Amino acid sequence: MNCVGQSSELGSSLSIVESVENVVFGGDVRCCIQASPPRGNGSRNTSPMGRVGSRNTSPSRQKVVKTKPRGLDEETHATFGKVVHADVQMEDNIWAMLPEDLLHEILARVPPFLIFRLRSVCKRWNLLLQDSSFLKFHSSVPSHGPCVLSFCKNSVIPQCSVYSLPLKTWYRMCFTFLPHWAIWLIGSSGGLVCFSGCEGPTFYILVCNPLTQTWRKLPCMHFNQQRQLIMVVDRSDQSFKVIATNDICSDKSFPTEIYDSKEDRWSVHQRMPASNLCSSKMAYCDSRLYFETLSPLGLMMYRLDINCWEHIPAKFPRSLLDGYLVAGTQKRLFLVGRIGLYSTLQSIKIWELDHAKILWVEISRMPPKYFRSLLRLSAERFECFGLDNLICFTSYNQGKGLLFDVDKKIWSWIGGSAFQSYNNQACFYEPRFDASIY
Amino acid sequence: MAEEKSQASSSKMLTLKASDGVLFEVELNIAKEMKTVQAYIDDCEDIETIPIPNVLGKHLAIVIEYIKKTNEEYDAEFEKQWNMDDLQLLLLAANYLNISGLQECLCKAIAKRIENKSPEYVRKVFNIENDHSPEEEAKLRKEYKWAFEGVDKD
Chain Y
1 MNCVGQSSEL
11 GSSLSIVESV
21 ENVVFGGDVR
31 CCIQASPPRG
41 NGSRNTSPMG
51 RVGSRNTSPS
61 RQKVVKTKPR
71 GLDEETHATF
81 GKVVHADVQM
91 EDNIWAMLPE
101 DLLHEILARV
111 PPFLIFRLRS
121 VCKRWNLLLQ
131 DSSFLKFHSS
141 VPSHGPCVLS
151 FCKNSVIPQC
161 SVYSLPLKTW
171 YRMCFTFLPH
181 WAIWLIGSSG
191 GLVCFSGCEG
201 PTFYILVCNP
211 LTQTWRKLPC
221 MHFNQQRQLI
231 MVVDRSDQSF
241 KVIATNDICS
251 DKSFPTEIYD
261 SKEDRWSVHQ
271 RMPASNLCSS
281 KMAYCDSRLY
291 FETLSPLGLM
301 MYRLDINCWE
311 HIPAKFPRSL
321 LDGYLVAGTQ
331 KRLFLVGRIG
341 LYSTLQSIKI
351 WELDHAKILW
361 VEISRMPPKY
371 FRSLLRLSAE
381 RFECFGLDNL
391 ICFTSYNQGK
401 GLLFDVDKKI
411 WSWIGGSAFQ
421 SYNNQACFYE
431 PRFDASIY
Chain D
1 MAEEKSQASS
11 SKMLTLKASD
21 GVLFEVELNI
31 AKEMKTVQAY
41 IDDCEDIETI
51 PIPNVLGKHL
61 AIVIEYIKKT
71 NEEYDAEFEK
81 QWNMDDLQLL
91 LLAANYLNIS
101 GLQECLCKAI
111 AKRIENKSPE
121 YVRKVFNIEN
131 DHSPEEEAKL
141 RKEYKWAFEG
151 VDKD
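Here the protein sequences come in this chain order: Y and D.
Numbering (my numbering) for the first sequence: 1 to 438.
Numbering (my numbering) for the second sequence: 1 to 154.
Simulated from the structure, these hints should not be mistaken for laboratory data.
Note that the coordinates shown come from a computational prediction; the quantities given were computed from them, not determined experimentally.
It cannot be assumed that every hint is accurate.
Calculated cross-link-like contacts (lysine-lysine; reagent style PhoX-like; alpha-carbon spacing at most 25 Å) [what the hints assert, rightly or not]:
#	chain 1	residue 1	chain 2	residue 2
1	D	Lys108	Y	Lys136
2	Y	Lys136	D	Lys117
3	Y	Lys168	D	Lys35
4	Y	Lys123	D	Lys108
5	D	Lys145	Y	Lys168
6	Y	Lys168	D	Lys142
7	Y	Lys136	D	Lys35
8	D	Lys142	D	Lys108
9	Y	Lys357	Y	Lys168
10	Y	Lys400	Y	Lys349
11	Y	Lys262	Y	Lys315
Make the full structure from the sequences, and use the hints.
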């Protein structure tokens, strides 16, 4: 029996309340502790000797009282009445008697990034991330919240930072565990991050969990080229899929391929009915992959349930050259794009797809002051990505990040400038210890 | 609503007896929020006084008040009044009495109070001895040095 704390003879150092009949000392120390605020004897926890002497002999002491602490099986008895003797080492601090599962429940609520610090508290805590009880709680508490992952692979060493929105802090997480060939950030979902690159002549895709520093190369596709990719995790199922559409370099149309982690293989499906030029803008929501085509500007949708492509005849806003597709929560799909590129009335607007009417409806426009601040030169490139109903803009040359909350209609800057200029790739990321690469 | 709990209940009252002998008369439906008490009642229907041997009167009072008043607003302010020792004892009480809402609220609160602290501070709070060798500790700190930036001052 291990317990967080100094003494492993915890059982013998407790004072057992007299009226308790069933007490369990097992893997979880469900102690019935009699502790009270100091009564003038100076220490934070009064010594049991002191307590025993001064306690009320209530009538219930003589009765057999069933107390049934939670989860307790009535058969398990322990010899109670292990009265402490004055010379036994006594915990000075009542915290040491905290049952392990309660400790895990507390620690599961500490933001994932900060858990790493706590690993150096003691050997026991260092093994926390391998402890199934801790992981179980971690899986069931609400997610930490959205973070922005910024990846930049300049020469050999990847520079990676993660901005935690809830904590408003940048963490320079270490990504050196990745193989050197992983240079393109594909995206992130459910705590996993997907990268791709070429090792020699061969194109590879990998998935990783940055928190556990684990990674795995996926099997090659049937048509193994650098293709437009998207990864989606299904947490309820503990699985993930990677969807590959068109060739990036040549805009050739390949059969759509889908990798399913449950089967660890790619399946080949319908080729996207090709338009002339395809953009690289894709978004996934509600089991549908949306793909923006250029020339003409249009919308294609791939339905995973029936494995086929459909054209969505939604008319795109006039004077929009191209836009980003961003998935929101549930079925929401947003289009983000710049209007009036060469005019003085240039701005960035956001539309939402009305699925019923098959229409793009304008829902917001970036206020001019943010626009001017984000894009110093009016024709400058920007990147755009989303998570739930948050949309993030990063400016290509300036290393700035701007957030828009679609529901609250609030614009805000991401503090600090960990977005390296140009070469920078970014996406939303949700840190999870329990996201498995398998 | 939380307040309605007491009005709409049956008039049956129950007595809870804390470890230091303090007695609390509560409505049945309040007491039933403590699953441990509920189980007790299920077993011995006629009981009128239930001993709560692990919880002091001071903390039982706080727990009962929590049950009566709990809502989002109350929970947000609730934990601010207590120091770490009280939080721990309240957590043990909530755990023993099996009140999941209170337990969650307290776990969240304690996590918040330690999350940005240094390992030294956390060791003091939990009274844990550092059994890492200096080399091991240095290695861990180096491995995760990015996580050690921005720590609260103790």
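Going down the list of hints, with the structure as the test:
no., hint, result
1, D/Lys108 <-> Y/Lys136, "16 Å, holds"
2, Y/Lys136 <-> D/Lys117, "24 Å, holds"
3, Y/Lys168 <-> D/Lys35, "39 Å, violated"
4, Y/Lys123 <-> D/Lys108, "24 Å, holds"
5, D/Lys145 <-> Y/Lys168, "18 Å, holds"
6, Y/Lys168 <-> D/Lys142, "23 Å, holds"
7, Y/Lys136 <-> D/Lys35, "22 Å, holds"
8, D/Lys142 <-> D/Lys108, "29 Å, violated"
9, Y/Lys357 <-> Y/Lys168, "39 Å, violated"
10, Y/Lys400 <-> Y/Lys349, "18 Å, holds"
11, Y/Lys262 <-> Y/Lys315, "38 Å, violated"
Hint compliance for this structure: hints 3, 8, 9, 11 are broken, all remaining hints hold.
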